Amino acid sequence: MKNTDKTRKPGRKKPAPRKKPVYAQSRRKGFWRLLLRLILLGLVLLAGWMVYLDALVTSRFEGRRFEVPSRVYARPLELYSGAPVSAAALEQELGLAGFHKGDGSRSGSYQRSGGRFLISSRGFDFPDGKEPRRHLALSIAGDQVQNLKVVKGPDSAIVRLEPAQIGGIYPAHQEDRILVQLDKLPELLPAALMAVEDRSFYDHHGIAPLSIARAMLANIRAGGIVQGGSTLTQQLVKNFFLTREQTLLRKGNEALMSILLELHYSKSDILETYLNEVYLGQAGTRSIHGFGLASQFYFAEALEDLLPHQLALLVGMVKGPSYYNPRRHPQRATARRNLVLDQMQQAGLLGEADAQRARSLPLGVSDKASFSQNRYPAYIDLVRRHLARDYKEEDLRSEGLRVFTTLNPAMQMAAEKAVTETLPRLGDKALESALVVTAKDSGEVLALVGGRDPRYAGFNRALDASRQIGSLVKPFVYLAALSQPQRYTLITPLQDTRFTLKFENGTVWEPKNYDGLERGEVPLHQALSKSYNLPVVRVGLNIGLAEVKSTLQAFGTSSAISDYPSMLLGAVAMTPVNVAQIYQGLATSGFNTPLRTIREVTDAGGVPLSRYSLQVNQVADPAAVHLLQYAMQETMQEGTGRSAYNTVPRALALAGKTGTTDDGRDAWFAGFSGDLLAVVWVGRDDNGATSLTGATGALPVWSKFMAQVPQNSFTPVVPDGVQYHWVNVQQQALTDEQCENARLMPFITGSEPAQTITCAGALPQKIRGWFEGLFQ
Amino acid sequence: MMRVQIRVQVFRRAVVCAVLLLAGCASGPGGGIYVPAGERPQAPKPPLTDGAANPADEQQVWRKSDQPAEGQTQQQTAVPGYRESGDQMPAAAAGLVKEADALMAQGEGAAAITRLERAQRIAPRSAAVYFKLSEVYVMTGQFGSAEQFTLKGLSLAGRDERLQRSGWLLLADIRRARGNVAGAQQAESRAASL
Chain E
1 MKNTDKTRKP
11 GRKKPAPRKK
21 PVYAQSRRKG
31 FWRLLLRLIL
41 LGLVLLAGWM
51 VYLDALVTSR
61 FEGRRFEVPS
71 RVYARPLELY
81 SGAPVSAAAL
91 EQELGLAGFH
101 KGDGSRSGSY
111 QRSGGRFLIS
121 SRGFDFPDGK
131 EPRRHLALSI
141 AGDQVQNLKV
151 VKGPDSAIVR
161 LEPAQIGGIY
171 PAHQEDRILV
181 QLDKLPELLP
191 AALMAVEDRS
201 FYDHHGIAPL
211 SIARAMLANI
221 RAGGIVQGGS
231 TLTQQLVKNF
241 FLTREQTLLR
251 KGNEALMSIL
261 LELHYSKSDI
271 LETYLNEVYL
281 GQAGTRSIHG
291 FGLASQFYFA
301 EALEDLLPHQ
311 LALLVGMVKG
321 PSYYNPRRHP
331 QRATARRNLV
341 LDQMQQAGLL
351 GEADAQRARS
361 LPLGVSDKAS
371 FSQNRYPAYI
381 DLVRRHLARD
391 YKEEDLRSEG
401 LRVFTTLNPA
411 MQMAAEKAVT
421 ETLPRLGDKA
431 LESALVVTAK
441 DSGEVLALVG
451 GRDPRYAGFN
461 RALDASRQIG
471 SLVKPFVYLA
481 ALSQPQRYTL
491 ITPLQDTRFT
501 LKFENGTVWE
511 PKNYDGLERG
521 EVPLHQALSK
531 SYNLPVVRVG
541 LNIGLAEVKS
551 TLQAFGTSSA
561 ISDYPSMLLG
571 AVAMTPVNVA
581 QIYQGLATSG
591 FNTPLRTIRE
601 VTDAGGVPLS
611 RYSLQVNQVA
621 DPAAVHLLQY
631 AMQETMQEGT
641 GRSAYNTVPR
651 ALALAGKTGT
661 TDDGRDAWFA
671 GFSGDLLAVV
681 WVGRDDNGAT
691 SLTGATGALP
701 VWSKFMAQVP
711 QNSFTPVVPD
721 GVQYHWVNVQ
731 QQALTDEQCE
741 NARLMPFITG
751 SEPAQTITCA
761 GALPQKIRGW
771 FEGLFQ
Chain A
1 MMRVQIRVQV
11 FRRAVVCAVL
21 LLAGCASGPG
31 GGIYVPAGER
41 PQAPKPPLTD
51 GAANPADEQQ
61 VWRKSDQPAE
71 GQTQQQTAVP
81 GYRESGDQMP
91 AAAAGLVKEA
101 DALMAQGEGA
111 AAITRLERAQ
121 RIAPRSAAVY
131 FKLSEVYVMT
141 GQFGSAEQFT
151 LKGLSLAGRD
161 ERLQRSGWLL
171 LADIRRARGN
181 VAGAQQAESR
191 AASL
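Residue numbers (our numbering), protein chains in the order written: chain E, 1 to 776; chain A, 1 to 194.
Keep in mind that the hints are not guaranteed to be accurate.
Calculated cross-link-like contacts (lysine-lysine; reagent style BS3-like; alpha-carbon spacing at most 27 Å) [claimed, not checked]: (1) K98/A / K512/E; (2) K184/E / K267/E; (3) K392/E / K319/E; (4) K149/E / K98/A; (5) K502/E / K549/E; (6) K251/E / K238/E; (7) K319/E / K267/E; (8) K429/E / K417/E; (9) K130/E / K98/A.
Hints in this document: simulated from the structure, not taken from any laboratory. This one's a predicted model, so the numbers in the text were calculated from it and none came from an experiment.
With the sequences and hints as input, model every part of the structure.
In structure tokens, the structure reads:
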């Protein structure tokens, strides 16, 4: 249109003067009427536009003010004399929780020399109360905390460090923030911000023509741009609609919206929202909004702990977060910070000496961003699924909830290392793995690995790979049997011989041992520890499939269990997390303990919303489980799990079970120590055959994990109704401790052998030893 | 019902005493079963087999099958272990139990539970912690949970008669409060037989 006008204009001839015709007057009237109408129309349109802008800006203001992602925390490390932690793990934990190396007396710093630590904690608002700031001194020897002393702060025999933030549940637009409240901030921050960005903030109505003039003057004086003309309100509006275009229309809209915002909200509301909204950097795909998060991101410190030179840097970065990025452009950032410090001094916020000292300090930025993308995608995935039972996804993404999980970062690291270092050694590049670690007696999930690349946030095998469990089912068959002590004890002889089952439909099933051999009679404990197939099927058929099925269900199986006897050899599909759940009961004398990843959820202000308490539920007779645990310990010492001790210290007593499915499609190991239960699966996503067994595929991962973690041995307490006796297993009889082949074994009271034999045919060992000594 | 509540009170006190006594004589955790981390150097001699004196042979055996060949005799250097009683509480856990006591006295059941769950994480094999949890659940009227925690505590009481007795009597009271008279009597006779 414009072009046509332009082209037409030069060609247009100046009209010749002529007399005004009579109708000229009425034409002029018509013009004014038209103009009036146009103005009226314009006003109506403008009013409409204002209403539109008003709705837009207020909805954005209201919406944005409260859209905060949920924060997910690891479990806090508890320090007390005897706490099981290695010096390396403590240092790693301190790093994750944002502590930095220093003198150990400035809040959030620590000092380490060898096994000795000085730690200055920041304090933390836990859902069950505030943990105050303290200066701690402690040493670590033999992977245990010793001589814990509170040097400064309220004394206590047990101290919780602030937990590491391990992730967040973010809004779709990937913005993150830590909400700050105006009245809890260092006063210097808003004052400095106003000194630099908007001196007349408390006097203007959204726009400030005078400020623009003053800024121009200041810029001319400084020989560059040091001040912008936009008010904080305008900047806030600009932040709401992050487009980079600089058009007059946009500027006009911004000005209008600023005025509207000021009409609706108080200055302190606007300032607080600005502090939480302003864009201050980028972490991968996530943008850093607000001073609270920026403080965490750049300094790994809480905003209220920042010193003037650090506040000045953040204030200076408002102008261009990526241009003044202190990690990428430290010189630029320093110059900008010092300029801000000058302005603060001019505004009387800092004395000359203080400003001078602040200018001479380094930037003080932490080495790494104190949080990255979700570091533990598989674990957070499980947390989200647990949260989804009680919370709506949009609340998780926007309400700023604080989620306190059970993740133990040191164990998680050990678990990831076990998978990533062991899998390549197994040969097949297509092999995948999953590892679940829980606290044996509380059911807390401490670590979770969902694949051979633990950072990959894709298919989570720990939760979603439902695979046949093979021999992992055997303990449940034997438990069902041992629960009938009048029929079965650990020494009951079982037939390890072939047999054929014919079904009504004519099909035939002939189970075999893994090695194809038959051994005649084997005692029950050995049939389990060596994982023979033929005896377990016989036992299962004897006590009835229904009995085995109900045992599995009592222990928490939710999978469908087939009614075919092949289920006795593990033709039952489960995920690694399901297996961890059912093994929990075996590890704890028959108490089902629901697996948990969350201890508490609070709202953004710290008000508790939900607690997930420890629950236990007895599902089996502790006496029968104790017998089974004997055989599962034997598995580690003499049976299919014994190669664990190629890796694990001999002193660590363990119990467990291998599992292998046809053609090595699945390699499993599930086992426990005194403190931990761990389940490993190794196999291919395409369910292809491998050359692995539970012992050669999964057990190496399991052992590698166990070897890295300090922990207590598995030494179960003898429950009521169980007695240990020396027995001769082959003879099915009580015998004397000194006799050869004597074995100390547990029996449910009354089920021990009735007959006693002496060391028939052989002298008691002590006497024999004495004789041997005599004649040597 | 009134009588039951009073008796629960009485036994609660009894258990508190037992717990505090234990706390008083508490020592380090684990009773010597704690093992620091440490990987064994690669390919040592397999500890418990003896048939394959050569580590390479052993390796081959377990690569082929997870069922070791029969005929390997077991020269035992380790046997399945057990012990007669659970752990005593380390001082840190005992301190938390004391805090829980104070909270219970103020009727703060939920807060007491958070302290006790912290104590449980530190001393997961101490019967006294579970009895204490049971008491809080009695206080808050959740008898189902109370019964389960008592059973869990009993499973760790081992040969400690005092703990056993406290546990069985607590269980008797809880069962009676739940209307399970037969179960209560059974628990009482267990206590009496100690």
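Is the hinted pair K130/E and K98/A satisfied, with a Cα-Cα distance of at most 27 Å? Roughly 18 Å between the alpha carbons, so the hint for K130/E and K98/A holds.
With the threshold set at 27 Å, check whether the alpha-carbon distance from K319/E to K267/E stays at or below it. holds, 21 Å
Taking 27 Å as the top limit, are the C-alpha atoms of K429/E and K417/E close enough? Cα-Cα ~17 Å, so holds.
Satisfaction of hint between K98/A and K149/E, Cα-Cα up to 27 Å: Distance of about 20 Å is within 27 Å: holds.
27 Å Cα cutoff - pair K98/A, K512/E: violated, 58 Å
Given the hinted pair K251/E and K238/E, is their alpha-carbon gap at most 27 Å? holds, 9 Å
Given hint K549/E paired with K502/E - CA-CA distance at most 27 Å: holds, 21 Å
Pair hint outcome, K184/E versus K267/E [Cα-Cα no greater than 27 Å]: holds, 16 Å
Starting from K392/E, check that the Cα of K319/E is at most 27 Å away, please. Since the Cα atoms of K392/E and K319/E sit roughly 37 Å apart, the hinted pair is violated (cutoff 27 Å).
In the structure shown, a violation is registered for the earlier hints numbered 1, 3, in ascending order.
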